[in-house]
Structures are given as structure tokens and as C-alpha cells.
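Number of protein chains: 6
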Amino acid sequence: MADKNDLAKGLKMRKKLTGKRFSKGGPTALAELAPDLDEMLNEVIFGRVWTRPGLELKMRSAITIAALTAMQRLPQLKGHIANGLNAGLSKKEITEILIHMAFYAGVPTAVNAFQLAKEVFQEEGV
Amino acid sequence: MADKNDLAKGLKMRKKLTGKRFSKGGPTALAELAPDLDEMLNEVIFGRVWTRPGLELKMRSAITIAALTAMQRLPQLKGHIANGLNAGLSKKEITEILIHMAFYAGVPTAVNAFQLAKEVFQEEGV
Amino acid sequence: MADKNDLAKGLKMRKKLTGKRFSKGGPTALAELAPDLDEMLNEVIFGRVWTRPGLELKMRSAITIAALTAMQRLPQLKGHIANGLNAGLSKKEITEILIHMAFYAGVPTAVNAFQLAKEVFQEEGV
Amino acid sequence: MADKNDLAKGLKMRKKLTGKRFSKGGPTALAELAPDLDEMLNEVIFGRVWTRPGLELKMRSAITIAALTAMQRLPQLKGHIANGLNAGLSKKEITEILIHMAFYAGVPTAVNAFQLAKEVFQEEGV
Amino acid sequence: MADKNDLAKGLKMRKKLTGKRFSKGGPTALAELAPDLDEMLNEVIFGRVWTRPGLELKMRSAITIAALTAMQRLPQLKGHIANGLNAGLSKKEITEILIHMAFYAGVPTAVNAFQLAKEVFQEEGV
Amino acid sequence: MADKNDLAKGLKMRKKLTGKRFSKGGPTALAELAPDLDEMLNEVIFGRVWTRPGLELKMRSAITIAALTAMQRLPQLKGHIANGLNAGLSKKEITEILIHMAFYAGVPTAVNAFQLAKEVFQEEGV
Chain A
5 MADKNDLAKG LKMRKKLTGK RFSKGGPTAL AELAPDLDEM LNEVIFGRVW
55 TRPGLELKMR SAITIAALTA MQRLPQLKGH IANGLNAGLS KKEITEILIH
105 MAFYAGVPTA VNAFQLAKEV FQEEGV
Chain B
5 MADKNDLAKG LKMRKKLTGK RFSKGGPTAL AELAPDLDEM LNEVIFGRVW
55 TRPGLELKMR SAITIAALTA MQRLPQLKGH IANGLNAGLS KKEITEILIH
105 MAFYAGVPTA VNAFQLAKEV FQEEGV
Chain C
5 MADKNDLAKG LKMRKKLTGK RFSKGGPTAL AELAPDLDEM LNEVIFGRVW
55 TRPGLELKMR SAITIAALTA MQRLPQLKGH IANGLNAGLS KKEITEILIH
105 MAFYAGVPTA VNAFQLAKEV FQEEGV
Chain D
5 MADKNDLAKG LKMRKKLTGK RFSKGGPTAL AELAPDLDEM LNEVIFGRVW
55 TRPGLELKMR SAITIAALTA MQRLPQLKGH IANGLNAGLS KKEITEILIH
105 MAFYAGVPTA VNAFQLAKEV FQEEGV
Chain E
5 MADKNDLAKG LKMRKKLTGK RFSKGGPTAL AELAPDLDEM LNEVIFGRVW
55 TRPGLELKMR SAITIAALTA MQRLPQLKGH IANGLNAGLS KKEITEILIH
105 MAFYAGVPTA VNAFQLAKEV FQEEGV
Chain F
5 MADKNDLAKG LKMRKKLTGK RFSKGGPTAL AELAPDLDEM LNEVIFGRVW
55 TRPGLELKMR SAITIAALTA MQRLPQLKGH IANGLNAGLS KKEITEILIH
105 MAFYAGVPTA VNAFQLAKEV FQEEGV
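From first to last, the protein sequence lines are chains A, B, C, D, E and F. The numbering of the first sequence is the working numbering, which starts it at 5 and goes up by one. The numbering of the second sequence is the working numbering, which starts it at 5 and goes up by one. The numbering of the third sequence is the working numbering, which starts it at 5 and goes up by one. The numbering of the fourth sequence is the working numbering, which starts it at 5 and goes up by one. The numbering of the fifth sequence is the working numbering, which starts it at 5 and goes up by one. The numbering of the sixth sequence is the working numbering, which starts it at 5 and goes up by one.
Hints may contain errors.
Copies of the same chain look alike in the list, so a pair counts if it works inside one copy or between any two.
[To be verified] Capping the alpha-carbon separation at 20 Å, the derived lysine-lysine pairs in PhoX-like fashion look like this:
hint, residue 1, residue 2
1, 16, 62
2, 13, 62
3, 122, 95
4, 95, 24
Treat the hints as calculated values from the structure; they're not laboratory data.
Isolated chain A, as found in the complex (with noise of 0.2 Å):
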């Protein structure tokens, strides 16, 4: 069920992920051209299933990369892949990750992430 709390605890939750890469949803082009969505997301996806029991942080990130290797969904990628790092996951298990979505996914698909993977450790510096 909806909560009043929800906006709010979305809004901890991605700021807990992204870190010092947070911004309060201002300019991105969701944010511009439909606000009201923006906001469902930080409510709904941020609020209630990133904040949910029963997974741990750490393992919501990592099937959150691996889905997003899977489906090339690259900027997202990158951005989930420096959340990871935030979330628990360390650089070592983020390759390990992209390892095996080689076989599951086909090689170019992993190859891809790499190249996102040793973007953001660079400018995590990790």
C-alpha cells in the first residue's frame, strides 16, 4: 500500500546509492518533461522496492547490473555500476558480475559493460 513516507524514503534511498553523484532530480530530461513521473519513480521505485525486506542491498544492485548488462540499457548501466559500489559491491565482485554475464548474455554484451565498468572506477578511483 501507498505510504506518505514513501517520497521520502525514496529520496534517502537514491541519495544513499548515488552518493556525492546526487542531485535532487533538477535536471535530467524526466525530470523537465514529466515531473510527475520523476517523482512516482524516487516514490515507487526508490521508496518502495529498493527499500523493501527480503534482499539484500548489496544483491538488489548486483541483479540490477547484470538485468542492465543483459538488456544494454548503457547509460543506466554506468550509473548502477558506481550505485554498486555505494551498495556494498566491491570493484572485484562488479567484474566478477560482468564475467559471467559473457556466457549468459553473449561476449559482445559484456564487452560493452567493461568498457562502462573501467569508466566508473576511474572516476570513483577505486
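Chain A is already provided as a structure; the job is to place chains B, C, D, E and F on it using the hints.
Relative to the frame of chain A, chains B, C, D, E and F by itself:
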């Protein structure tokens, strides 16, 4: 580097994951038409990838389920949901993985996975 | 913003779209394994998205059919072809949507959708 | 049946959809490497498909945007968002199509489309 | 350019590829719901594309099998594996195509294709 | 079965396919982050798969191009279009492969591939 023990390690891992569903490759279309690929997969994927240190077994299982859901490879997804129970994922954790996928890969994508999960949970009696 | 009436609005919309196929969520795998996601979907997707002003209902139905065809989520596509008839799309319009898809998503993709459309049109007697 | 006027009809439709962005096929890689496919597409897709009666032009545009979003064919999506404005879709309707897609094709899929929509709306001054 | 002989050429090519499985379009959902698309496909795809010089027929068949495997359009893949035997591909070559796909499109993707290939090879007695 | 010469065979094949673009794995993100996967790919994919008898080298190249087009793995597609010229495919054959794909994977999918082919043909001076 390839190691002459990879195939044995792979068959052991495959047996661990598939438990009572394990069969030594006999009847599948892959084993029949391309026995060397079937062996290569046992050796490389189960022997050299699934056995890698650096990522917990249940985490490997979770990301496999996430990727197969995102790509909708349904027969393989069904098998890996069952494998997940042997890899240490609880019914609750598998359910949470699929809930999470609804928002990253779309609701219809997750709904098809829930159908298979229901079948597996009934077959495995969990 | 979430509204306490969203769930009721969603169930009303879902009933309108599914007509005589409507059932209050009882038997699906989703409702059984993840009742809170099932409720969230009724509340968010049917209550807060399908009911939005700014896009005619039959247009929402048309784009849902197009996307499900492109992604080949076939069980959901079948349901939404049937929903389309309740949302104001004619058999002719649905057929035209699928013809159009043949060129944007590839012929095989459209051919599978025509198979489902044929089944729906027979079941619905149109 | 093929008709000798299909190519002319196709070029007229393409011009209508692309407006001031129209160029008679000159510089694209497709026109250069495969001029007969380029002509075939003008003739078949724009001349024989987009001109079919039975589905309003703005509806054809909407389903094209939905399918290209779902498949993430981003350069073509950008072009067809711009075409949509010429086909009778408002900025508001295009935004609603993309909001709707977030739930059927996943949030990351829609976020990438919003980025392109923002660019188009700026370029077209709407 | 469209030619009045394209439809006849297309039906001849389709007959060559499908051999004893050929039927003149009668019972398919596509032919029933959208007879003009069905005719357009015979005319354009089989008459104007498959008949193009510049690529050996067995090569066209091989790339069709590869693409349908990668996209997992399974009913069409099954048909085109059978067509491949009529286009000059051997059982061995088709098997090699699917082995190759395991690494480019992921193992699960290839495994589903092997299942269909096994069925075709049994039905065709090769 | 794995063979200690697989890695050497793989590097030789990779050199043949990539010609003057060959570099011994040094600078890629994959080689940097996951050197053992990079070696495994050289050993398994280039050493044990591309070298298999039973399918002509130019046919392996053609199906790789087709699959990468269908899946839109664009950086890899660009590389394999260039590799195709070294594997014995002519510019004309590669163009025909992409024309064929327009109908099986959708026109937008092929259009993106033509863009890359144009770049490769210019870079390679063919």
C-alpha cells in the same frame, strides 16, 4: 588458463546446482547435436566461471536469474530458478529478485518469470 | 503524488479494459507469490498511469500493443489485444498496428503477433 | 499489389512526416551503400504502409515511437519523435507515450527516450 | 523498382525454400487477417530480397538462421532451419552456426535453437 | 576438449581477422579489468570456435555480422564488419547481409548497421 580438471570441476558444480535434476548431459538436443559444445560448456561455464572465487555462489545464481528474466530465455530461467534454491537463495529472495525486475525490465517481463517461479516452487515443494 | 483512491481507480480501469476476462487478481502467479507487487501494479499502472489525461485511452492501448509486439512478450500481448477491443480499437485498427510493426520490428516479430490476434478475434467473436 | 505510384506516394508521405528535415535520401549511409533498398523503403514503407487507410496518421506515429522506444533504436526514435509533431501528436501526447512505456518496457528504456525527446522539443521549439 | 513479376518470383523462391512444407499462404493467421501484407511479403521479401544476386542462397539462409536465433523468434527459426536444408546448408553447417551463436548471443539463446534444430532434423530425416 | 595450443591458435585467428587492427589485448577495458576472461575468450572463442572445421570462415563472419546487427551490439558489429573483409567477404556481400537484415530484424536495426558499414568501408578504403 585451461586446466585438465576444469571438466570434472564443471560437472561437480553442475551437479550441485541441479541436484536431483542432474543428468550427465545425455538427452538434451545440445548434447546430441553438438556434444563438443556441451562438453565445452560444462568445462568452461560450470568449471571455469561458476567456480571462480570473488562472488558468492548465491550471488552468481541471483544475477543469472536476473539476466535470464531480462532476456526472457524462459526454459533456462526455469532451470536457474530451481538451481537458485540449491545455490542458497530462499524462495523469498527469488521472489524479491523478480519484483525488482518488474521495474527495470518492464512488468510483462517479470510476470512471465513469476509464472515459471510458481511452477518451480510447486515442483520443488518450497 | 500517491492518492488513497489510486487502487480503486486502478481496479476500475483494469475491469474496463479486461471486461468479462476480469478477475480480481486471485489466481495469477504474481498475485500468489507477490501480492504486494500485484496490488502495487493495480494501484500504480492501472490507477495512476492508464488513467492519466493527455492521451486517449485507445491510443494508450495501441502503444501497449506496439511495445509488447516489439518486445515479444506474448502472453501479455494477447491480453492487451483483447483489452484493445474494450479500449475502443477496432479489429481493423489492431490489424493495421501489427502490419505497421512488421517493418519496424521485423516480419517474424509481427507474424507471431498475428497468430495471437487471430486467437483473440476468434475468442471475442469479432 | 505494387503500384507504379507507390514511390511518389512514399516520398510525399516522407516529406510530410519529416518536414524541414526532409532530404531526398542523398547523404545517408543507406542511400549511399544500398540505393535500391533506400528506394524500396520509400516505396514500400512510406508509400504502401504509412499511407494505408484504417489507422489515423497520428496513431501510426504513436505506435512507431512506442516500438522504437521498446527496441531502443535511438537514432530512429529521435527522428520519429520529431515526425510525430508533424503527424499531429502534441508534445504532451508524446510525453505521455514515453511515461506509459516506463512501465511496459522498463524505466531505463523510457529514461533514454526522454533524453531524446528533450533534444527534439528544443530543436523544434515546442 | 517494383516489377510486376516480383510476386511470381517470390512465390517460386518461397516454394524452393519451403519445399514440401509450401502452402500458398492459405491457412496462416497473417494471410487470413492481413492478406495484402502476406502478398506484400511474398512479393517484397521472397521476390525482391531473397532473389537478389550478390549473396549465395545458402549464405542468405545462414544469416537468417543467425538473426532469428539472436532475436529468439522461435517459430520462424524452426521454419528457416528447415528452409536451410533446401537452400544448400548441411545439417553440420546448421549445427556449426548454432554453436557459433552460443558465444555471440549467449548460451541460453543457442540452447533453445538446438532444441528446434533437433526437431527439424528428425522431421526432415537428416 | 581443451588443448594447450588453443590460446596460440586463437591469437593467430584473431590476428587474421583483425589484420592491421590487431593488438595483443593490451588496452581494452576487458583486458585491463578481467585479463583471465580476455585470455579465455582468445582461447575459447577464437581458438576453439572460429577455428572449427565444418563452416567456411567467411560464413562464420557473415553470421557474426547478422547476429550483431540483430542484437545491435554496435561497437562489436563495427569490428566484425571490418573483420569480414579479412575473412573473405566482399563489400558487396556485407551490404547484401545488411539489406537482408532490414526485413528480418526491422528497418531501423539495419539502418544503424549501414552507418557503421559506411565508416568501415571508408576507413578500410574499399
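- What hints, given by number in increasing order, does this structure fail? Going through the list in order, the structure violates no hint and respects every one.
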